[in-house]
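If you want the building blocks of each chain, they are given just below.
Number of protein chains: 2
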Amino acid sequence: MADDVIRIDRALLQSLMDDVSRFGDTGDGGVDRPALSDNHKAARDWFSGQLRNRGYTVLIDNIGNIFGRLDLAGPDAPVVMVGSHLDSQPKGGRFDGAYGVMVALAAIETWRREAGERGIVPACNVVIVDWMNEEGARFQPSLLGSSVYAGALSRDFALSRADRDGRTVETELLRTGYMGTDGPPRPCCFLEVHIEGDSALEKAGKTIAPFVRHWGATKIRIEVTGQQNHTGPTPMEDRHDAVLGAAFIITKVRELADAATDTLYTSVARVDVSPNSPNIVPGRAVLFAELRAPEPEMLDWAESELTTAIPELAAKASVQAEIAAIERRPAGRFDHRLVALAEQAADRFGYPRMQLDTIAGHDAVAVNACLPAIVIAVPSVNGVIHRCDEYTSPEDLAAGGDVLLEMMRRIDEAGGSLDTSGGQE
Amino acid sequence: MADDVIRIDRALLQSLMDDVSRFGDTGDGGVDRPALSDNHKAARDWFSGQLRNRGYTVLIDNIGNIFGRLDLAGPDAPVVMVGSHLDSQPKGGRFDGAYGVMVALAAIETWRREAGERGIVPACNVVIVDWMNEEGARFQPSLLGSSVYAGALSRDFALSRADRDGRTVETELLRTGYMGTDGPPRPCCFLEVHIEGDSALEKAGKTIAPFVRHWGATKIRIEVTGQQNHTGPTPMEDRHDAVLGAAFIITKVRELADAATDTLYTSVARVDVSPNSPNIVPGRAVLFAELRAPEPEMLDWAESELTTAIPELAAKASVQAEIAAIERRPAGRFDHRLVALAEQAADRFGYPRMQLDTIAGHDAVAVNACLPAIVIAVPSVNGVIHRCDEYTSPEDLAAGGDVLLEMMRRIDEAGGSLDTSGGQE
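Chains A and B, in that order, give the protein sequences.
Just so we're aligned: 372 in this note's numbering is position 372 of the first sequence, and the numbers increase by one with no gaps anywhere.
Just so we're aligned: 357 in this note's numbering is position 357 of the second sequence, and the numbers increase by one with no gaps anywhere.
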């Protein structure tokens, strides 16, 4: 029944979004809050304060993830986890990540109040999470805190990651006060609401999209080694031009996408040439290539083709080339029960919905490896993300909150089970 | 007669080379002394101090060339100019340019002393020169100071050249204290000794080579413009990847050399990608291409082929590309009298000699447009130049000095005429 629905507290959500957007405000609508920067620390200090003031138990684990636990049911009750991340790209947008944390807090607070007013006795406890370094802009790789949580990366590796000034995650966690010792919660599921970051929802005129598949990504650093020489006197047959070898490899990476029998996105987006002087045959070029696909088989094929081609292309340019580093984020599917639950929740409010894949990484992708997880997307105006003009309307922000709250409520009614019937309607 | 020859002061030459190599010493045998950098300024300050301490009149012209004038004859006597350049490539070698200046100073000092001891009354005055920005590594184009001196480039153009941080030659001349007001000397000829930078002398077992022809060079800056986007969600067919267009153009530039019916050297040695982030489809790439050939017709053909190909290659990558700047250094010949004089001088000491072309630019190439000039080459071990392991043996360094001094002496004996008989023997 329509009067039975609980809608998220829109004023609270708006107020939280306004508050969090102050940290690293760039004055043009965006924020600058790279992981463990001063701006990020300020946002996390404010967020932890909000949790404590509202009676949450704040836990910091040993990779700097912040968890706020609120016991609405007994100490042994199932736990539902919601949240996202407060770090941003350098000069990024204010919705990416921060919205997912604020909408989670507003959803819990609304649920807590409405449950009390309606005499509902919750069956589950809740945890809100702010994952450490989702963006991977300052420290690579991305999804660092959630990947350590999920066991996909070791803590030692994560702590050793350094920014371009040589400062490590370890020293910056200590400096900002977020090197904790608390054991992280182990909930029954993780729900993340996020802006889409592309224009599929907008183009289709839809409001809500559970992500069904997360694309895999293989990130490859290729080092091409030639021989530094003057571009004048060195005879062509004596040249070992690293940039020529790089050009052959860049072309090949694109050809893989063109030749693929299923969906495959490829790029070489960063090229570091050394010494990069107009009249010195380049002795070295480093290429940062990416392969992305929804199906693991396609990624494997592309990686194998490229690995085979690299030495041949290098030989064609009389240089050497090798894969110096490779990072594989596997393709996969989110929990089908959570997809169904998100669709039922959207239908409950009459929000137009569709299914989407996510190509970009999200914390829920990492967490999905160890427990049922999902991302629910809301529209991005013009598909913009990672820029100051990233924008989602207040109505769509609230719609994401309504769906999140409804999902939490249904899981609670099922006693922490994800096999809900959707039979409320 | 053997006891009549004057050999360059080997100890002085070695000591000067040791001294100048301290400025920008990279610790691996090389130097890092790009034009108007702090290291370059330090070397020039030291060099000017050497000149002043030895009684030379130091003149700085309005494009930062340093001239040290030593009046050995009357004020209206002909002037012989010798020298090279003190700037280096980033992480370049310590012989390129610096040797030409140090050997010139050692030759003048030896000549001055020996003339005095032997009671010779010189007929010519001498000028030693350090040309500003020969390398063109920090500020393009190369040969900047000597080209302004020769009238091939305007001073305003040269002053406006900017490095990649936007600092101009004008501000850097003012900052380093080398924006002068002195009128430059107008000598009867310019003699430059330089390391070969290739392995022709070494392979032939020769010690001395006057350069006879200088190759032409066409330097082209190509700007490729795409559209910046996330490498994740952007569908392949919507990408406008500037690096892909750049790869096609780099490949084409090489193909020109392979397809040429006569000698043609080509390169793309500098590639500036923007924003150059691993997960952003590059919106822009700037390529610095060079075409070099001994014959003007071949250069014209290559430029025409490339100009036609660029828009087609760009379209293939769904980007735009255009030639943003083009600089043509014509092919030409050095003064045949100076070639003969160099050969006579080498024969006087019994140094094995050969004739070579120079493909690389040298200040003497620029100066050759306004007065008789020549470059005399000495061997480069393994043909290496622009690298820390650039090397020429002390014996070969001294041989170049002997030849230079002998040429100066013969021109002096001819009263500043280049039509010497070589009849001393």
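Hints listed in this document are in silico derivations from the structure and should not be mistaken for laboratory results.
Remember, it's a predicted structure, so these values are computed and weren't measured experimentally.
One thing to keep in mind: the hints can contain errors.
As the list claims (entries may be wrong) - Only pairs whose alpha carbons sit at most 27 Å apart, straight line, appear in this in silico DSS-like list of lysine-lysine:
| hint | chain 1 | residue 1 | chain 2 | residue 2 |
| --- | --- | --- | --- | --- |
| 1 | B | K252 | B | K206 |
| 2 | A | K252 | A | K316 |
| 3 | A | K219 | B | K316 |
| 4 | A | K252 | A | K91 |
| 5 | A | K316 | A | K219 |
| 6 | A | K252 | A | K219 |
| 7 | B | K41 | A | K316 |
| 8 | B | K206 | A | K316 |
| 9 | B | K316 | A | K252 |
| 10 | B | K252 | A | K252 |
| 11 | A | K41 | A | K91 |
Status of each hint after checking the structure:
For the hint linking B:K252 to B:K206, the alpha-carbon distance of about 37 Å lies beyond 27 Å, and the restraint is violated. Taking the CA atoms of A:K252 and A:K316, the gap is about 13 Å. The hint holds against a cut of 27 Å. Among the hinted pairs, A:K219 with B:K316 is consistent with the structure: their alpha-carbon atoms are about 25 Å apart, no more than 27 Å. For the given pair, A:K252 sits about 33 Å from A:K91 by alpha-carbon distance, which is inconsistent with the 27 Å threshold.
Taking the CA atoms of A:K316 and A:K219, the gap is near 24 Å; set against the 27 Å cutoff, the hint holds. Taken as a hint, the A:K252 and A:K219 pair is honoured in the structure, with Cα atoms around 15 Å apart against an allowance of 27 Å. Using a Cα cut-off of 27 Å, the hinted pair B:K41 and A:K316 is violated, with the two alpha carbons roughly 43 Å apart. A threshold of 27 Å between alpha carbons decides the hint, and for B:K206 with A:K316 the separation of about 34 Å lies outside it, so the pair is violated.
Between B:K316 and A:K252, the direct Cα distance comes to roughly 14 Å. Compliance with the 27 Å bound is thereby established for this hinted pair. Of the pairs offered as hints, the one joining B:K252 and A:K252 holds, with about 15 Å between alpha carbons and a cut-off of 27 Å not exceeded. Between A:K41 and A:K91 the alpha-carbon distance is near 16 Å, which keeps this suggested pair within the 27 Å criterion.
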